[in-house]
Every structure is written in C-alpha cells, then in structure tokens.
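Protein chains in written order, with our numbering: chain P, -1 to 443; chain X, -1 to 443.
Please note that a few of the clues may not be correct.
A pair counts as met if it fits within one copy or between any two copies, since identical chains are not told apart.
Simulated crosslink set (SDA-like; lysine to any residue; CA at most 20 Å straight-line) [said to hold, decoys possible]:
hint	residue 1	residue 2
1	77	37
2	417	111
3	162	190
4	190	389
5	162	148
6	162	443
7	190	297
8	417	12
FYI, nobody ran anything at the bench for these hints, they're computed from the structure.
Spelled out from the first residue to the last, the chains are:
Protein chains: 2
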Amino acid sequence: MGAALNETHDPNLQSWIASANEPDSGFPIQNLPFAVFRPDETASFRPGVAIGDRILDLQALADLRPFYGLAARALEACKGQRLNALMALSSAHWSALRLELSRALRLGSAMADRLQPLLSAQSDAQFDLPARIGDYTDFYISIHHASAVGSLFRPDNPLLPNYKWVPIGYHGRASSISVSGSDFARPCGQTKPAGNPGPPQVGPSQRLDYELELGAFIGTGNPMGRRIRIEDAESHVFGLCLLNDWSARDLQAWEYQPLGPFLAKNFATTISPWLVSMEALTPFRCPFARASGDPSPLPYLSSTDNDSSGSIDIELEVWITTQRSREADEQPFLLGRSNFRHAYWTLAQLVTHHTVNGCNLQPGDLLGTGTLSGPGAGQEGSLLELTLGGKQAVQLPWGEQRLFLEDFDEITLKAVCRKAGYPSISFGGCSARVLPPLPLTSTER
Amino acid sequence: MGAALNETHDPNLQSWIASANEPDSGFPIQNLPFAVFRPDETASFRPGVAIGDRILDLQALADLRPFYGLAARALEACKGQRLNALMALSSAHWSALRLELSRALRLGSAMADRLQPLLSAQSDAQFDLPARIGDYTDFYISIHHASAVGSLFRPDNPLLPNYKWVPIGYHGRASSISVSGSDFARPCGQTKPAGNPGPPQVGPSQRLDYELELGAFIGTGNPMGRRIRIEDAESHVFGLCLLNDWSARDLQAWEYQPLGPFLAKNFATTISPWLVSMEALTPFRCPFARASGDPSPLPYLSSTDNDSSGSIDIELEVWITTQRSREADEQPFLLGRSNFRHAYWTLAQLVTHHTVNGCNLQPGDLLGTGTLSGPGAGQEGSLLELTLGGKQAVQLPWGEQRLFLEDFDEITLKAVCRKAGYPSISFGGCSARVLPPLPLTSTER
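Here chain P stands alone, though its shape is the one from the complex (with noise of 0.2 Å):
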C-alpha cells in the first residue's frame, strides 16, 4: 500500500521555477497536484499541473511529446478536458508522468526554454471540476464526528453498534459537486421543530452547515462482481482534494430516516481544484492505530501495510469570512482545526469496502471521507459541533456570532502536510458562498 519513497521525495530538489522553492509556497517540486484550469475567460479548460505560483498546461506539453513509455501515454490521456483519461490508467502510469515532470521542472532541466511558454499565473487561472465524476460516494470516518452528531440527533444511543466493523457511506449527488469559487443558494425545504405538533413547515433552511472533508477521486476502477482488495486497494486512488459537504441540518433531522440524508445535502457540494496525488503524500504516511478495546478490522479490510502506514498526517482547517468581515477588511477566522489521521478507517478500507459486494468503481468517481472532526475542542469539523446542535454561539472576532451559516458566509477549507526538513505540500483551498434563497411562491408556501 502507498507508494514507496523515490527520487521525487528527495527534500533538496529545487525547480527552475523560483517561486517552488520558497519556504511556503505549498506547490514545490515535491507536490506537483493536477487540476482542469484555463489560463484566462477566453481559453478552453484543459489538465494541469501546479509548480509554485505556476500551472503548467499539460495539453500544450502533450503536444510537444516529451516523454517515452508509460509516461507519453500517461501525457497523451492529458488531451482531453478532464482528467478521467488519466485516471483510467493506473498508477504506474501517474507514477511514471509524475518523475518525468519532475525531472522536467527541476532546476538545470534542458527543457527548462521549451517549457516557460506553457507557464500560466494561478492568479490568473479559472478551475473546472477535475473529472467527470460518475458517482458520488460520501462516508463518515470520524468516529469524534459520529459519536458528536449521533448524540444530538440520538441522545440515548449516540455510537451505533455497527460503527465499529462497517466503514458507514452512502451514495450522494454527483450533479450538484461544483469547484471551489461557486456560491450557491440557501436551500428550501420542509422542516419539522422536535416537539412542534403542527404539520411541518417549508422555507428556507435556518441551520445551515459546513462539513470538513477531504475527498479521494478513483483512478483504476474494476468490473461489476469483482472486488478491489485492501493490498491492491490504493493503487486505484488518483489523488486527494478537500470537499465541503454542505448541510442543512433542519432538513436532515425531519427527512433523514429511513433512507438517510437526501436534500438535506444534495443542492451543493464544493471541491478544491487541486488534486494531490497519493504518491505526493508518501512521506506523511503514519501508522493506522485503533484505540484499545476497539475490534480489529474484519480480514478483508485488514492488511500490515494498512496498519503501519494507512494513515496520513494532513492539517486539516476550516475558515469563514462574513458580510460584515469582508466589508471591514478583517481576516477571516479560524473555526477549527483537525488532521485526517484521526481517522476511524483508511482510504484503501474505504475502496475495498465499497466493492467487497461487488459494485463498480469508475474513473472520476469521487469518495468523500465524512466530516474529519478530530477529538479534542478546537477540532470540530461542522457547526453543529462546534455550537453544540444550534446552542452555543460561536464568537467572530469582528463582533459577530454564529450558531449556523448566515447569507453571505463564505466558508474556505484548507489541507497542508507538514515535517521537518520536507517542503509543506498545500491542497490549496477551497471556498464558496451562501447566497440568499430563491423565494417560494405563495401557491408553493
């Protein structure tokens, strides 16, 4: 599992590209994640991959055919609009285009002249989503997150017995995924107060949230009635990117039983445009540990390399900017802080779960991990968390307070790993903005 280390890790390597190699530039040689971009309005959207403050256009590159082998077919899947060609591979191939970019923007490459050319600003630059994204696939691999959320919408049983040996998902809607940078409308929808005897009510949602997550795009799928198993499970993960699941909690609470949550999530879901490939997070690896007394994972989802290494140390954070804010020019304010490692199951259980039965993953299908709280205050990965279901004010330092999200909030999520002596590697951000509902009618009322 996990890609082994190899000379793209090498900390000292350096790009001709200067502003790679400053301290905090977040998109060093070491990192090299893809998007769909366009330099500018006028431009069609095309593959990329980021060096410092750099994109370098890999459709124009594919055009020059610089590589050989796996890596010229690996550049060549780079010509369309999207990314799935790519991740239709495998990742001998992303693995393979990776070192060759890597040998290609470092600092002496001959290529450096032929190159320079293919370099546009990231200020300048407009995202796309990155795949055609098939399905859509959310869990909840927090435990800190389960247990928080399942004591207020279930005070009596908080956990669920089933917690602790299925890794919990469902499947979401894949329509309404944007890039970061599109706003969206509050959503409306019937709601029901808990104790409120008349019949419900329809209108917009008054308890909308955020939730912190990253998502993990599949690169390899597999054929219907085979499964991916845990060793193999990884090598189909194309990369990761940070995901808002936008939640309308007072939505969730009246409609979510059965069948789970429904509207309640499916007008909006916000994605960063960078995706971070898993061989890039190779040295943020860390061990997998259960706490003790917890069960072992069943056999299919157990392996070695999962336990040694099927975590990842990512900083993980969540930030708002408010009307008022961002008319008095303040910064935006740090609502919570947490790390993927906290993590109740790993990607590669995430994958081998998801097709133990049988189903077919594709390329472009995106896996949301759930709301990645970890398990000390500060580290609350919603609002429902943090202002305890609605009940305790979050203070802004501008004079404001929120229990929800109001018109005009812009939320922003941020990922980056950390080490000493190892170049930060950025998932760069992710952002967008409430805006006011839609009115309903008064024949819809």
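Given the coordinates of chain P, assemble chain X onto it according to the supplied hints.
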C-alpha cells in the same frame, strides 16, 4: 400536467406493420416506446422505437431527413448512441416526434416503402441502457411497502412520522445499473444476525431479494438553484421503464443505520430497455386520492392536475423462473401483481420535491419509485413482504419453495396498461438472473 389526448391516441389507428395491430401486441401504434438497441452483434447501438414485433432504427431514419420543425430537430438528436440528446430538448419536441412517427407508421402512410428497410426484429435485437445515467435517485412511494417493511425492521415504529409529508428518497448507484438480460453475481458483505453477540460475518448474502419498481427518466433538467414547480414537473419526465432494485436484506439490516442503504443495493439494478412516454400513458391517467384522514400534500406538492390525474393505471407483475423449472420446461410463476396507481406520491411530486432545495436534475437522470406493493395479499413487490421477513416460504408449483432468491433464479418484471376499447400498452419485460458469488479467499473471510 400530463399531455392532452391527441390524434396519436385514436384507438382505431392501425399500422402498416401487421404485428402492431394484433390484440395482444403490447406495442401498437399508440405506444411507440424508445430504446437503445442494435439489430445484431456486429452493429453499433442506436436509438429505436418499437412498433409491433419490429424496431424502427431512428439513427437511420434521421439520415432520411423526413420531418420538419420540432420533429426534425428531435430526430436529429437521435443520431448519437444514447437518448440523452433527445431527452435534453423538451416535451414539445418529444411530442412532435411522436406525432410524426405515428403518421409515418400509420396504415396508408406514403413513407412505408422508405421505412421498411429500417425495421428489424425485436427478437434479434440486443439492448443497452437508453441513456447515460448521471444520477440515480430511488424513492419509497408505496405506503403499503413502507408499512410492511417498516414493521419488519422497526416493529414498534413501522411508518415514520415524516412518511405522509415527505416523498422519502435517497441517492442510489448509477454505475451498476444494467439493462434487462444482464445477470449478476450474488453480493458478499457483512451480516450480523439479530441477537448474535459475536462479531459480524462476511460472506455471500443469504437474504437476496428483488424489488418491483418503475423508473422515470428525466428529460429536460433544471439549473442548480432553480426549482421545478409541480405544474411543470411532468413535462420534465421523458418516459417510464421497469426497474428491479435488487436488495440484500441481511447486508441492509446491519449497515443501513444511520445513513441508509448502501452495499445492500448498489451491486446491481436492472431496468427494462423500453421507455414508454408520458404521452403514451395519457389514456390511463386516474385520480390521485389519499385515504381519508391522510394530510393534504403541502402547497409546493399540490395542484389541481395532480389530484385529478396524478396517478396512472399501470398493472405490474413479478415472475420467477428457477434452475429446476427451467430444466423441467415449466412456465414462470407469478409472485405478485400490483398497480402503480396505489402509490402515495405522484411522479410530479417526486420531481418537484427533488428540486425544492435547488438540486439540479439532468437529462438521463433516473428516478426509481421504490417497491410498488399494493394494499392486498398477492400484491407484494418483494420477497421480504411475501415471506413475512423470511419466515413463511412461498411454494412454487414445481415443488420448490423460496424464502429468498437462490443462485440461478431469474426474476422478470412486467407492466401493461389496459382499458376497454383501447389497445394495450406494454412496457416489455425486465429480467435478470442471480449468478453464484465470487468466493471470498481465506484471507478475506
């Protein structure tokens, strides 16, 4: 809501294709359902329309450019391999195409000689999915099914308080939807029998079931953030098919709390190839009536048309063939017979509810109705209901019995609309066979 009756509904219309005029054809000129087919294994898939025991090749017809205006534009959209482009147009386009096809296939049509070479035999044809399905949503619209299943899963709380207010739905898996005739392996997964104190087991499902449903293909969609009002909702439905939502009840019972069914259902879903248009169903519309004492739908789900003609009289059947009955050349056995008109929610209500929060539907999205059990004995749409949760076996006339499905069992769903003085409208059949599971290896168990 619902199209008005027009000349395509004249019960006396006859086709120059003789088989369409036979009393039990099921595909008279009043039906004209769409599918994606190929005449034989060497050809590519293309859209077609059924007439009697023949299929008219719409891709080839488009090359003749026989129509004008909306019908011409609709036919042009049939040049691809799927129906998505046709679906994306509008109900006015679908209606115009239907009218011209009805005229072209009518007895006395001047086009008969030109169309004759474009016909092939349904019995020789192979079918594919009619559309690229972006998202698949399954609903739960039979109150009889919800009550029966609820009493098995939650004896003290069978019908939840939201059922009569919210058209309950959840997102299903699009990648594992196949067209009739695609057999599939019995799924494996975690199960934990009630009362068993040990860890869960992993292995082939022992409680595999079918679910008798209809599917509705979305034609024109809606942009994110915009609702589809109930008055407009049916004009977004391109057509209906049969849908078998195969379900592993033992996996479902253990995994479904708190986020709903996942691996219990996402291993396979089977749909019939033919999409019967809403216009073809117009003569079979019937009032939508809730039982006295049931609440009125909330305003956004309410309209005069919905009350007067929201339901459709569609007879539904589920049949079983087993390995033994196949070898003994026995006729299939009827397991249940129900009707779509028993449903608690209408198609228009499903579309409107799905978008009330701004969720965007897209051409080719599929909505399942949920199991369409009727109120009486013999009207069960699943074995779970028929065997009272696996407690009372169904006797098959050739000497076998069933609690749940066994390997090589084949389930066939059928649907037909019947009315005195009007030709019967068939949906064709929806069949698939359960194959043995891919065994778990010793390290996976």
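> Going through the earlier hints one by one, which of them does the structure break, listed in rising order?
Replying inline: The structure conflicts with hint 2 only, although it agrees with all the remaining ones.
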